[in-house]
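There are 2 protein chains.
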Amino acid sequence: MEINIGLLGAGVVGSAVASVLLEGKEDLGRKIGGAVRLKKILVRESERQRSFQAPPGVLVTDFREVLNDPDIQIVVELMGGEEPAARYIERLLVAGKHVVTANKEVIAKHGPELSARARSTERQLSFEASVGAGIPIISPLSRDLLANDIRSIRAIVNGTTNYIVTRMAMDHMAFDDALLEAQHLGFAEADPTNDIAGTDAAYKLAILASLAFHTKVVPEDVFREGISSLEAQDFRYSQELGFAIKLLAIAHKENGSLQLRVHPALVPQDHILASIDGAFNAIEVEGDLMGRVLFHGMGAGSESTASAVIGDVIEIARRLNLDIKPLPMEENSRSIAIAPMSELVSRYYFRLNVADRAGVLASIAKVLGDRGISIASVIQKDADLPTQTADLVVTTHPSREDAVQESIRCMGELDVVRKVSNMVRIEDWPSR
Amino acid sequence: MEINIGLLGAGVVGSAVASVLLEGKEDLGRKIGGAVRLKKILVRESERQRSFQAPPGVLVTDFREVLNDPDIQIVVELMGGEEPAARYIERLLVAGKHVVTANKEVIAKHGPELSARARSTERQLSFEASVGAGIPIISPLSRDLLANDIRSIRAIVNGTTNYIVTRMAMDHMAFDDALLEAQHLGFAEADPTNDIAGTDAAYKLAILASLAFHTKVVPEDVFREGISSLEAQDFRYSQELGFAIKLLAIAHKENGSLQLRVHPALVPQDHILASIDGAFNAIEVEGDLMGRVLFHGMGAGSESTASAVIGDVIEIARRLNLDIKPLPMEENSRSIAIAPMSELVSRYYFRLNVADRAGVLASIAKVLGDRGISIASVIQKDADLPTQTADLVVTTHPSREDAVQESIRCMGELDVVRKVSNMVRIEDWPSR
Chain B
30 MEINIGLLGA
40 GVVGSAVASV
50 LLEGKEDLGR
60 KIGGAVRLKK
70 ILVRESERQR
80 SFQAPPGVLV
90 TDFREVLNDP
100 DIQIVVELMG
110 GEEPAARYIE
120 RLLVAGKHVV
130 TANKEVIAKH
140 GPELSARARS
150 TERQLSFEAS
160 VGAGIPIISP
170 LSRDLLANDI
180 RSIRAIVNGT
190 TNYIVTRMAM
200 DHMAFDDALL
210 EAQHLGFAEA
220 DPTNDIAGTD
230 AAYKLAILAS
240 LAFHTKVVPE
250 DVFREGISSL
260 EAQDFRYSQE
270 LGFAIKLLAI
280 AHKENGSLQL
290 RVHPALVPQD
300 HILASIDGAF
310 NAIEVEGDLM
320 GRVLFHGMGA
330 GSESTASAVI
340 GDVIEIARRL
350 NLDIKPLPME
360 ENSRSIAIAP
370 MSELVSRYYF
380 RLNVADRAGV
390 LASIAKVLGD
400 RGISIASVIQ
410 KDADLPTQTA
420 DLVVTTHPSR
430 EDAVQESIRC
440 MGELDVVRKV
450 SNMVRIEDWP
460 SR
Chain U
30 MEINIGLLGA
40 GVVGSAVASV
50 LLEGKEDLGR
60 KIGGAVRLKK
70 ILVRESERQR
80 SFQAPPGVLV
90 TDFREVLNDP
100 DIQIVVELMG
110 GEEPAARYIE
120 RLLVAGKHVV
130 TANKEVIAKH
140 GPELSARARS
150 TERQLSFEAS
160 VGAGIPIISP
170 LSRDLLANDI
180 RSIRAIVNGT
190 TNYIVTRMAM
200 DHMAFDDALL
210 EAQHLGFAEA
220 DPTNDIAGTD
230 AAYKLAILAS
240 LAFHTKVVPE
250 DVFREGISSL
260 EAQDFRYSQE
270 LGFAIKLLAI
280 AHKENGSLQL
290 RVHPALVPQD
300 HILASIDGAF
310 NAIEVEGDLM
320 GRVLFHGMGA
330 GSESTASAVI
340 GDVIEIARRL
350 NLDIKPLPME
360 ENSRSIAIAP
370 MSELVSRYYF
380 RLNVADRAGV
390 LASIAKVLGD
400 RGISIASVIQ
410 KDADLPTQTA
420 DLVVTTHPSR
430 EDAVQESIRC
440 MGELDVVRKV
450 SNMVRIEDWP
460 SR
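Line by line, the protein sequences are chains B and U.
Each residue of the first sequence is one higher than the one before, counting from 30 in the working numbering.
Each residue of the second sequence is one higher than the one before, counting from 30 in the working numbering.
Treat the hints as calculated values from the structure; they're not laboratory data.
It should be emphasised that the depicted structure is a prediction, and the values quoted were computed from it without experimental measurement.
Be aware that a few hints might be false.
When chains are identical, the list treats them as one kind, so a pair holds in a single copy or across two.
[To be verified] Pairs of lysine-lysine residues, derived as DSS-like cross-links and limited to a Cα-Cα distance of at most 30 Å, are as follows: (1) Lys282 to Lys60; (2) Lys354 to Lys410; (3) Lys245 to Lys395; (4) Lys54 to Lys448; (5) Lys410 to Lys245; (6) Lys395 to Lys410; (7) Lys354 to Lys60; (8) Lys54 to Lys282.
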């Protein structure tokens with residue numbers, strides 16, 4: 030039996046998937062146990078030059094040509110963006126088609142409803158490519174790691190920002206230059222706002238946390254802070270203190286509630302996440318039985334994404350050929366409270382620009398001490414003679430976020446403080 | 030519906046699995062969609078003190094009590110060793126039971142026949158725990174990564190030896206002391222031969238390579254060399270050259286044939302495998318689409334193994350509750366030649382003890398040059414005045430294994446060479 034496939038979208042990832050399916054990858058039919066045929070590709074303009082050779086009639090511009098084609102059993106959605114992709118997926122499932130998508134925004138925002146729809150129509154909705162591209166993480170969380178009570182996820186899931194912080198750390202580049210370079214290399218999009226601000230990472234964290242904690246996490250549940258406040262000094266001072274700076278996506282279950290946050294963090298240099306450089310992704314999952322397991326690889330790129338997409342297609346096609354029903358994903362309907370960010374207890378790093386004179390530290394220590402924040406280390410750096418200022422780098426012992434936020438306001442009001450230049454949370458969980 | 034489980038073996042891993050199943054882990058029933066009950070545990074002596082509380086009648090000493098119990102649908106085999114485990118698994122599958130095992134020796138030696146048996150009886154044989162304990166790797170190779178043509182696997186899959194080489198490298202311990210410590214800590218067994226000699230890693234590589242290359246690899250196909258020849262100097266000199274030493278399990282497809290080897294290797298310090306320390310495992314898989322993906326975590330230990338075993342049990346139990354047939358593993362029947370070790374092309378590290386006088390290097394360079402081996406670097410180390418000897422550390426450009434082996438013999442016959450103290454292969458594949 031031949032399995033017919035529809036494809037929505039022919040951007041870089043869509044083109045990579047189309048190439049593999051059209052050009053007939055060695056062994057694909059054997060792995061699937063039968064032939065697959067890419068029957069229709071939904072594109073915006075059918076006339077454009079493309080990196081793959083589509084036979085006549087394959088390119089279509091009307092979604093209904095895919096939706097209403099009775100031969101098509103599996104549809105791959107690679108349009109990106111929330112709409113019309115979410116609506117299309119819903120209609121495809123209702124029409125009895127299996128759907129594979131790489132769309133993190135759709136899955137983060139509509140995953141639970143769409144999965145419920147797939148369950149009710151006995152169809153499969155697969156989205157391995159939505160997080161970490163070719164790194165298997167959706168499937169392990171949904172199946173292999175199920176014996177565990179998951180305690181935490183700590184992840185680098187945005188290649189653009191990781192590339193930027195790596196360049197800033199290793200090559201002392203300024204933020205703007207590193208971003209420009211990432212754009213030239215194709216890691217960052219023309220409008221990189223979603224990456225830089227942590228929105229992309231928040232989508233991915235919502236997907237991972239929903240699976241790991243068997244609950245419905247939506248992107249709005251995730252606290253997010255981007256990387257644009259990071260400056261060269263932060264990387265220099267962090268390195269001296271024994272830390273790397275990474276944009277982390279963290280889900281952590283503690284006292285029955287769930288912290289969900291995306292922000293830059295100081296990570297101990299001997300922790301494996303500190304060594305994940307460039308456009309790579311890494312996802313560390315901690316469970317009560319397995320301890321910490323880390324998944325690492327290229328978390329973006331058309332071929333890596335195609336690996337996950339086609340992997341999902343193969344699994345569905347194998348089932349179809351063997352007439353085996355899909356094992357539905359578990360319904361993630363546990364209710365678990367989201368911990369307010371104000372109650373976070375963490376260690377903190379501050380960089381302050383202060384007057385270079387006696388008594389400064391006493392004033393700052395008083396602000397912190399009055400709010401129950403205990404200082405772990407203080408270093409004075411980069412005294413500037415003409416302006417008589419210096420940088421003061423302070424790290425704290427575990428403290429509450431709300432007390433820290435209030436301290437930042439109060440320190441900013443001190444005469445001796447020119448500027449609270451930055452605050453970064455320190456993630457120095459017990460070493461593995 | 031209640032799912033009844035049988036367990037063969039109540040050693041440390043069996044006890045951990047029994048504890049989880051008997052004590053009723055939070056949420057397990059909900060994940061499975063119904064209750065599970067550990068009905069029988071096959072033990073050697075029913076009277077022994079145990080870490081779990083077995084209800085009356087659960088402990089049995091006759092295998093047939095499990096085999097012939099019509100209520101038992103899933104059997105977990107944790108006896109270890111080749112026989113009778115392999116025979117038992119075969120009989121269980123024939124009797125219509127699903128089987129979960131952590132037994133690397135059985136799967137490495139009998140995996141293909143047992144999987145064929147499972148296919149023919151429409152039962153599931155799951156063995157996620159056989160490699161890397163709680164690190165998902167069997168499932169990703171069998172499903173998630175299927176879109177790729179796998180090029181290579183490079184893995185640290187033996188925690189005992191990795192613990193030993195880590196201690197030797199970081200703390201300048203001697204081999205025997207590090208081994209003794211690993212035994213005290215419970216990483217190494219009383220008889221550590223299988224670990225030290227690379228046999229355990231060869232079993233695991235046979236399993237991984239069979240899945241990755243869709244073929245039947247047996248342990249005898251794997252070249253193996255253990256870690257007992259490594260000495261403190263090798264770690265010191267390697268570090269100076271920018272390398273760590275790891276016992277690697279390597280499967281590499283090149284020119285249509287498959288290299289399969291387990292041996293100590295010099296790994297560039299900036300490669301992620303160089304930073305996998307202590308009892309951790311890491312498996313790097315390289316595919317044409319996904320690039321390199323790494324799986325990392327605790328590759329041994331009773332709880333980590335229980336994570337994989339119970340993960341497999343959950344999947345089978347979910348299927349049973351939903352009345353969904355298992356998706357059989359693909360039949361790994363491609364034929365691919367095993368490359369003879371003599372034809373390996375690699376870089377090499379030699380440590381020679383030589384006379385400390387002029388002309389020595391010329392003699393050695395001649396031996397190597399005559400066999401087409403080109404020297405990449407030479408360092409003279411640790412000159413010893415009383416004996417007038419010194420260590421000579423030589424690294425080569427890519428060379429053929431057979432030429433290298435012949436050179437070792439010839440260098441050993443030179444007057445000026447007291448001893449060819451060690452040869453270690455260098456694995457400096459292009460950086461990621």
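Each hint, compared with the structure:
Taking the shortest Cα distances, Lys282 and Lys60 sit within 30 Å of each other only across copies (18 Å), while inside one copy they are farther apart (39 Å). For a Cα distance limit of 30 Å, the shortest separation of Lys354 from Lys410 qualifies neither inside one copy, at 64 Å, nor across copies, at 66 Å. Taking the shortest alpha-carbon separations for Lys245 and Lys395, neither the intra-copy value of 42 Å nor the inter-copy value of 70 Å comes in at or below 30 Å. Within a single copy, Lys54 and Lys448 get their C-alpha atoms no closer than 58 Å, and across copies no closer than 51 Å, so neither meets the 30 Å cut-off.
In this homomeric assembly, Lys410 and Lys245 never come within 30 Å of each other (Cα to Cα): the closest approach is 45 Å inside a single copy and 62 Å across copies. In this assembly of identical chains, Lys395 and Lys410 lie within 30 Å of each other by CA distance solely inside one copy; the values are 21 Å within and 57 Å between copies. For the homomeric pair Lys354 and Lys60, the shortest alpha-carbon distances inside one copy (18 Å) and between copies (19 Å) are both at most 30 Å. For a Cα distance limit of 30 Å, the shortest separation of Lys54 from Lys282 across copies, 17 Å, qualifies, whereas the shortest one inside one copy, 43 Å, does not.
Of the hints listed earlier, those the structure fails to meet are numbers 2, 3, 4 and 5, in rising order.
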